Amino acid sequence: MIALLMGASIALLISFLGTPLFIKLLVRRRYGQFVRDDGPTSHHTKRGTPTMGGAMIVLAVVAAYFITHAIRSLASEHATGPTVSGLLLLFLMVGMGLVGFLDDFIKISKQRSLGLRPWEKIGGQAAVGIGFALLALQFPDSKGLTPASLKISFIRDIPWLDMAFFGPIVGAVLFVVWSNLIVTATTNGVNVTDGLDGLATGASIMVFGAYTLMGIWQYNQACGSSRAIGSVCYEVRDPMDLALLGAILCGALIGFLWWNTSPAHIFMGDTGSLAIGGALAAFAILSRTELLLLVLAGLFVLITLSVIIQVGYFKLSGGKRVFLMAPLQHHFELKGWAEVTVVVRFWILAGLFVAAGLGIFYAEWVVGL
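The opening position of the sequence shown corresponds to residue 91 in my numbering, with each subsequent residue numbered one higher.
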């Protein structure tokens with residue numbers, strides 16, 4: 091627990107103190123946000139606000155993770171150091187953040203809404219996602235647990251949804267496809283949610299907070315542990331290190347939210363939204379809670395569905411719309427809600443989804459006793 095508090099505090103300080111310095115650097119280089127002309131007119135005042143703030147979030151997370159482990163190693167000779175699961179989560183987060191950074195940089199340098207070409211962006215995300223998936227099936231620990239599993243999971247692996255049924259090679263291919271589907275969904279979900287000051291940042295803090303609590307619980311109730319009660323234990327390779335990263339992400343995002351809340355001094359950009367989406371996907375896969383993420387990240391799912399419904403209905407109806415504008419947050423803006431009102435009410439929704447997810451997680455354990 092001390093390590094979690096230390097990691098979160100270090101990340102918060104790096105993010106909180108480093109973000110204003112990063113803002114000055116971006117302003118000096120005139121790296122400002124490009125705003126679409128077809129968006130809400132109230133957003134036109136945001137043109138030129140520094141973006142790519144996600145780079146500071148990623149930097150704070152990576153630095154805090156290794157600093158925390160270094161301090162633990164100095165304090166105790168029994169400290170284990172970084173784990174494979176932790177490094178894999180950082181790999182996916184940083185890799186997706188780099189794809190987003192390239193996208194942001196092209197938008198800013200060319201002052202257009204289109205950054206990377208669609209095939210370039212998809213290719214970059216796929217390369218990182220495939221690398222993560224293949225590595226996640228390696229590195230068994232002393233119990234034979236690998237970071238990821240060929241079984242599809244809800245709160246734990248579902249035995250009858252085992253991709254290994256089709257053989258080891260086909261099963262691995264199916265897992266790569268399944269893993270990349272999750273990564274694509276989470277990165278796009280955070281990306282479309284990041285449209286109002288602080289909205290995606292605040293909602294992400296709640297989800298990562300949930301994964302921190304779940305990681306602690308999975309560690310305490312790990313299969314084979316003397317602390318486990320009953321038979322409803324968890325087979326997760328490195329739950330406490332995942333909890334540490336959850337706490338660190340919360341700290342980094344809280345520090346960033348100070349500068350990202352309305353009126354935002356900086357935006358996270360695709361650098362941040364893709365990195366956060368990658369981290370969410372990694373948590374779901376590595377903690378064996380893939381389907382539970384649909385509940386925990388319910389706000390992101392809801393906003394993504396609004397885009398799918400809008401585009402689908404527009405094409406099927408020959409130009410009609412369900413919402414005044416998609417994603418959903420802009421619909422309420424056009425209905426006259428103030429931006430801050432939309433953000434706070436959507437944060438409430440995000441909190442309710444997270445509470446429901448944690449409730450399901452704990453209830454499943456209680457029922458199984």
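Just so you know, these hints were derived from the structure itself, not from any lab. Predicted, not measured: the structure shown is a model, and the values here were computed from it. Treat the hints loosely; a few may be bogus.
Capping the alpha-carbon separation at 27 Å, the derived lysine-lysine pairs in DSS-like fashion look like this [stated by the list, open to error]: (1) Lys200 <-> Lys211; (2) Lys114 <-> Lys241; (3) Lys405 <-> Lys425; (4) Lys211 <-> Lys405; (5) Lys211 <-> Lys233.
Simulated restraints, written as ranges between beta carbons of each label pair [stated by the list, open to error]: (6) Arg411 <-> Ala453: 19 to 29 Å; (7) Gly314 <-> Ser99: 28 to 38 Å; (8) Ile398 <-> Val430: 32 to 42 Å; (9) Asp231 <-> Arg411: 20 to 30 Å; (10) Arg207 <-> Ser99: 37 to 47 Å; (11) Leu406 <-> Ala428: 29 to 39 Å; (12) Ala254 <-> Ile438: 25 to 35 Å; (13) Gly221 <-> Leu414: 15 to 25 Å; (14) Lys405 <-> Leu439: 20 to 30 Å; (15) Val322 <-> Gln228: 54 to 64 Å; (16) Ile398 <-> Ser166: 33 to 43 Å; (17) Leu251 <-> Ala428: 18 to 28 Å; (18) Ile259 <-> Val434: 28 to 38 Å.
We put the CB at the ideal spot given by N, CA and C, even for glycine.
Taking the hints in turn, this is what the structure says about them:
A C-alpha spacing of about 17 Å is found between Lys200 and Lys211, which places the hinted pair at or below 27 Å, so the restraint holds. A distance of roughly 47 Å separates the Cα atoms of Lys114 and Lys241; the hinted pair therefore is violated under the 27 Å criterion. As the CA atoms of Lys405 and Lys425 are separated by approximately 23 Å, the hinted pair is consistent with the 27 Å bound. As the CA atoms of Lys211 and Lys405 are separated by approximately 24 Å, the hinted pair is consistent with the 27 Å bound.
A hinted pair counts as satisfied when its Cα atoms are at most 27 Å apart, and Lys211 with Lys233 does not qualify at roughly 38 Å. Distance hint check for Arg411 and Ala453: the Cβ-Cβ separation is about 39 Å, which falls outside the suggested range of 19 to 29 Å. Separation of Gly314 from Ser99 is about 32 Å and conforms to the stated range, judged on CB atoms against 28 to 38 Å. Here the CB-CB span from Ile398 to Val430 is close to 27 Å, at odds with the stated 32 to 42 Å.
Between Asp231 and Arg411, the C-beta spacing of about 52 Å breaks the proposed range 20 to 30 Å. Between Arg207 and Ser99 the Cβ separation comes to about 41 Å, which falls inside the hinted range of 37 to 47 Å. Taking 29 to 39 Å as the suggested C-beta distance range, the pair Leu406 and Ala428 conforms, at roughly 33 Å. Restraint check, Ala254 to Ile438: a C-beta distance of roughly 41 Å breaks the suggested window 25 to 35 Å.
For the pair Gly221 and Leu414, the supplied restraint of 15 to 25 Å is violated, since their beta-carbon distance comes to about 40 Å. Between Lys405 and Leu439 the beta carbons are some 28 Å apart, a value that agrees with the proposed interval 20 to 30 Å. Between Val322 and Gln228 the Cβ separation comes to about 28 Å, which falls outside the hinted range of 54 to 64 Å. Our hint of 33 to 43 Å for Ile398 and Ser166 is violated, since their Cβ atoms are close to 50 Å apart.
For Leu251 and Ala428, the hinted distance range of 18 to 28 Å is not satisfied, since their beta carbons lie about 45 Å from each other. Between Ile259 and Val434, the C-beta spacing of about 50 Å breaks the proposed range 28 to 38 Å.
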